[in-house]
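Quick note, the sequences are listed as chains F and A, same order.
Convert by adding 4 to the 1-based position in the first sequence; the result is the number in our numbering.
Convert by adding 126 to the 1-based position in the second sequence; the result is the number in our numbering.
Incorrect hints may appear among the rest.
[Unchecked claim] Mimicking BS3-like on lysine-lysine, the simulated pairs with C-alpha atoms at most 25 Å apart in a straight line are:
| hint | chain 1 | residue 1 | chain 2 | residue 2 |
| --- | --- | --- | --- | --- |
| 1 | A | K180 | F | K69 |
| 2 | F | K177 | A | K251 |
| 3 | A | K211 | F | K95 |
| 4 | F | K95 | A | K131 |
| 5 | F | K174 | F | K72 |
| 6 | F | K116 | A | K131 |
| 7 | F | K174 | A | K254 |
| 8 | A | K159 | F | K95 |
| 9 | F | K108 | A | K159 |
| 10 | F | K95 | A | K254 |
| 11 | A | K203 | F | K177 |
| 12 | F | K103 | F | K56 |
| 13 | A | K251 | F | K174 |
| 14 | F | K95 | A | K180 |
| 15 | F | K173 | A | K251 |
| 16 | F | K95 | F | K116 |
| 17 | A | K250 | F | K103 |
| 18 | F | K109 | A | K159 |
| 19 | F | K197 | F | K47 |
| 20 | A | K133 | F | K173 |
| 21 | A | K253 | F | K95 |
Hints in this document: simulated from the structure, not taken from any laboratory.
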Amino acid sequence: MAIRNLNFFDWFLALFGMKKTVRLGIYGSVNTGKTTLANRISKDWTGQEVGKVSPIPHETRFVQKKEKIHIKHKGKNLTINLLDMPGLATKIDYRQFLKYGMSKKAARQRAKEATDGVIEAIKWLNNVDTVLAVMDATQDPLTQVNVTLLGNLEARRIPVIIVANKIDKKRAKPDAIRDAFPQYPVVEVSALKGKNIEHLYEAIAKHSKGG
Amino acid sequence: MKTTKIKFDFVSSATLDEKPRNVRINFILNRVKDGTILVTDGVLKPEEEIDLIKETMRRVDDGFPGIEVASLKKPTKGMQNVLEKMVDSKERVQNLIAGLTGQSFEKTSMRTGLTLIGPARFIKKVKKNPNSFSVLTEV
Numbered sequence: 005m006a007i008r009n010l011n012f013f014d015w016f017l018a019l020f021g022m023k024k025t026v027r028l029g030i031y032g033s034v035n036t037g038k039t040t041l042a043n044r045i046s047k048d049w050t051g052q053e054v055g056k057v058s059p060i061p062h063e064t065r066f067v068q069k070k071e072k073i074h075i076k077h078k079g080k081n082l083t084i085n086l087l088d089m090p091g092l093a094t095k096i097d098y099r100q101f102l103k104y105g106m107s108k109k110a111a112r113q114r115a116k117e118a119t120d121g122v123i124e125a126i127k128w129l130n131n132v133d134t135v136l137a138v139m140d141a142t143q144d145p146l147t148q149v150n151v152t153l154l155g156n157l158e159a160r161r162i163p164v165i166i167v168a169n170k171i172d173k174k175r176a177k178p179d180a181i182r183d184a185f186p187q188y189p190v191v192e193v194s195a196l197k198g199k200n201i202e203h204l205y206e207a208i209a210k211h212s213k214g215g
Numbered sequence: 127m128k129t130t131k132i133k134f135d136f137v138s139s140a141t142l143d144e145k146p147r148n149v150r151i152n153f154i155l156n157r158v159k160d161g162t163i164l165v166t167d168g169v170l171k172p173e174e175e176i177d178l179i180k181e182t183m184r185r186v187d188d189g190f191p192g193i194e195v196a197s198l199k200k201p202t203k204g205m206q207n208v209l210e211k212m213v214d215s216k217e218r219v220q221n222l223i224a225g226l227t228g229q230s231f232e233k234t235s236m237r238t239g240l241t242l243i244g245p246a247r248f249i250k251k252v253k254k255n256p257n258s259f260s261v262l263t264e265v
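Sequences are here, hints too, so could you generate the full structure?
Structure follows, in structure tokens:
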């Protein structure tokens, strides 16, 4: 399991009961429901949303932050800075946006911002404490983006919780995610409907560094 | 009937291993951007894969929407795992020393396995299984 690393600083803070703010990064491929999940978490604890959701790919092209979210779960308190990342991708073709009725100019601009967003999300890997790796449970989880993301988190010793999202859909197969990545904790949720979200809070409280 | 040719380059991991990390990524992307599908008997380390994605994003334009990557790493266990970690540690020290002495050479050995990297404008789908992958192209 990739949950480890309580470094000396974390241990010292934990010893004296001092709470560290956890930078919780939400990562994953495009259109897996990252912003829907960020909105769900933020709305549950602050009443406010983090960002706009859209069926058009790459709606989130800049890192969206919601700071100082206080989570309480079974007597455990945790303060998180939520970081909703642009979707990771190995390809971005401006032509895919044309079918949503965008002009060529707007589509090109969106593609440019999306490529910058991927670079920004990758750079942020050096500045997160814990990661929610969001996967669409209706899609094949064995993609190169997922494998690369998890490999990098493991190499950097960043605790990761896989979120099998969209379990409200009939085609959802969360077990395929468990089978593909048996070494990681997997929490099945529907961020849209709020289903099982309390299990995610439990996992965040359990696995986050410095909590 | 119009035919389109696709070029495959089969490159040994030894050839790629000789190159510093940034040169290796350039080597791969220069070929792929030209329309070549590159196959090698090695697997990039996760840190290098993410650098490859980052560099790909910098090069995306109208004619080059990006890449598709598929890789299979040979499973390692026991002593092999220990050896891999020892090689990683040795390379980290070498790279640290190289950095301190002002050399830009950053060496990382590829892992044993198989990798295919190709232009996304030809490769439409990669279907991956734990022990195999299939690639669907469209030209």
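To see whether the hints hold, each was checked on the structure:
| no. | hint | result |
| --- | --- | --- |
| 1 | A:K180 <-> F:K69 | holds, 22 Å |
| 2 | F:K177 <-> A:K251 | holds, 20 Å |
| 3 | A:K211 <-> F:K95 | violated, 31 Å |
| 4 | F:K95 <-> A:K131 | holds, 22 Å |
| 5 | F:K174 <-> F:K72 | violated, 35 Å |
| 6 | F:K116 <-> A:K131 | violated, 29 Å |
| 7 | F:K174 <-> A:K254 | holds, 23 Å |
| 8 | A:K159 <-> F:K95 | holds, 12 Å |
| 9 | F:K108 <-> A:K159 | holds, 22 Å |
| 10 | F:K95 <-> A:K254 | holds, 17 Å |
| 11 | A:K203 <-> F:K177 | violated, 29 Å |
| 12 | F:K103 <-> F:K56 | holds, 20 Å |
| 13 | A:K251 <-> F:K174 | holds, 24 Å |
| 14 | F:K95 <-> A:K180 | holds, 11 Å |
| 15 | F:K173 <-> A:K251 | holds, 23 Å |
| 16 | F:K95 <-> F:K116 | holds, 12 Å |
| 17 | A:K250 <-> F:K103 | holds, 18 Å |
| 18 | F:K109 <-> A:K159 | holds, 23 Å |
| 19 | F:K197 <-> F:K47 | holds, 13 Å |
| 20 | A:K133 <-> F:K173 | violated, 41 Å |
| 21 | A:K253 <-> F:K95 | holds, 16 Å |
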